[in-house]
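*Asks:* Under UniProt numbering, think of the first position of the sequence shown as 1, with each following residue one higher.
Among the clues, some could well be false.
Okay, derived cross-link-like pairs now, DSS-like style, lysine-lysine, Cα gap no bigger than 25 Å in a straight line [stated by the list, open to error]: (1) LYS133 / LYS205; (2) LYS172 / LYS330; (3) LYS330 / LYS108; (4) LYS133 / LYS241; (5) LYS247 / LYS172; (6) LYS2 / LYS133; (7) LYS80 / LYS224; (8) LYS62 / LYS2; (9) LYS247 / LYS224; (10) LYS133 / LYS62.
These aren't lab readings, by the way, just hints derived from the structure by calculation. For clarity, every value in this text was computed on a predicted model and none was experimentally measured.
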Amino acid sequence: MKFGIIGLGSIGKRHGRNLIALGVQPSDIIGVDLREDRRQEAKEKLNLTKTVSSIDELCADKIDCAFICSPTSLHTAHAKQLIQHGVALFIEKPAAHQLDEELSELAKQIEAKQIKTLVGYVFRFSDHVRHLKALLDQRVIGRILSVRGEFSEYLPDWHPWEDYRSFYMAKKSMGGGSLLDQSHILDLCHYLFGEIDEVFAFNGKASQLEVEADDFAEMSVRFKSGLIGSVHQDMFGREHKKFLDIKGEKGNLFWNVYQLSVTHYDGETKKSKTYTFGTDHNQMYLNQTRHLLDILENKQQSLIPLEVGLHTMAVIQAVERSQAEKRLVKVGEQVAVKS
């Protein structure tokens, strides 16, 4: 199989390294980037034999699958080009910049053409999230009563080797901002607790960071199951935190990304047990890439096809509308679709 990687920044190069680690030859990977320096760096660091500056040049090579790692605002346009050539898609999260008619039409074409897709919500592939889901499926804390999730990170720490003000995350027009880029937590809530049905939210800019995008979102959510939860995202928290605090009738579960742990508090014994996992941050990315290869070889169905990514986009849209209209918003309200 032949692969294309569109966008040769840090995440694009990571996907390239992982493809090679799983047995794909560098000669079967073509890098795409407008920047010549990034193309040259990819050749040197990944031993790629070919890089190009456009998707048209990429598709001339009849590739099988493309990684869309470009700025979020370009995801839909790039995917539209690629599916005309029958190319399977790995789309970095979030699936798109906004839920609009163009994205809806793309989803219809992908379904009609039976294009294989995987959206890059990578935490689903971590050993700690897999263990958390197994404990929930075993109902070790009984019926879930509430959930609180948080993703908080200081934006200048994300890529300390570059000025955060020039990073796409600082620009809403490029698909940056807390709500879009930190939507991992929304996807995890969907994965673990089912679809979100209603949202009341605050979303905007609170810090002195020099960004042209939102830097926080505070959400109260109701799931279709009736479960109530709250989710906080920000990119100004100096102490980085990523966690889920889940309370049930028989105990609690606490997932902590930075400690690579899941803690189970048993309400009957009054004791806690903590499960810890390996420190290799790249392992979940390898697991994700391995899953993609299995999809392409018809060994597995996609865990996160585009339609799943679209639910997260619908939640994001509901958050934006709740902030604008100061009311509870039902996820998927048709009048909210942008044209």
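*Asks:* Would you pick out the hints that fail for this structure and give their numbers low to high?
*Replies:* Numbers 1, 5, 6, 7, 10, in rising order.
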